[in-house]
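Could you build all of it, start to finish, from the sequences and the hints given here?
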Amino acid sequence: MAILIEEQFQVEVPVERVWAYLSDPPRVAPCLPGAQLTDIVDDRTYKGQVKVQVGPVVAQYQGTVTVEAMDADSHTATMVGRGTQIGAAGRAEGRMTYTLRPIDGQGTEIAVNAEVNVTGRLAQLGGGMIQSVSKQLFKEFVECVRQQILAEQAASVEASPAAETSAPAQEAPVATAPVAPSP
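According to the numbering used here, the sequence shown is numbered sequentially starting from 2.
Quick caveat, the hints were computed from the structure, so don't treat them as lab data.
Warning: the hint list may mix true and false statements.
What the hints assert, rightly or not - Dumping the calculated EDC-like pairs for lysine to aspartate or glutamate here, alpha-carbon to alpha-carbon at most 20 Å:
#: 1; residue 1: Lys52; residue 2: Asp105
#: 2; residue 1: Lys136; residue 2: Glu8
#: 3; residue 1: Lys136; residue 2: Glu7
Next comes the structure, spelled out in structure tokens:
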């Protein structure tokens, strides 16, 4: 079952700062609901897990994310993820491309296009339910990214770059979203 996500959002932070943040998967991963990086294979390949709950079904996937393309001049990147469901026969594969565009001199528009293919028990729940949960999880991701970028922007204004440190990784909670029954 294919899930398509096409969304845009804006932050009042210069495009170069947003690019620096989004181009660093270990910094972005904590914003993905239910996701946790478990290993950095190289500068373009990461291993991790994602735990998602859709209605009564909880699925946990283990896999890799690869930065397939990253163009700093056009502020465009493509990432590919593949994972297998832990303890079941399900699989998930996805491709996400994001493009940054400067707006109003100091802001940035982020356009995200993603396609995720899911098999197994989650796929049996139906496209409408999965699409609804995907949209909710994306909203949570956007809000987290926005907060992190704005916090980093504020910290860079208040402190020297040498004073900035990153927080230690924490275990990610299960990604959940309210699900309305299908009509």
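Hint-by-hint comparison with the structure:
1. Lys52 - Asp105: violated, 38 Å
2. Lys136 - Glu8: holds, 9 Å
3. Lys136 - Glu7: Roughly 10 Å between the alpha carbons, so the hint for Lys136 and Glu7 holds.
Violation of the numbered hints given earlier is confined to hint 1; every other hint is satisfied by the structure.
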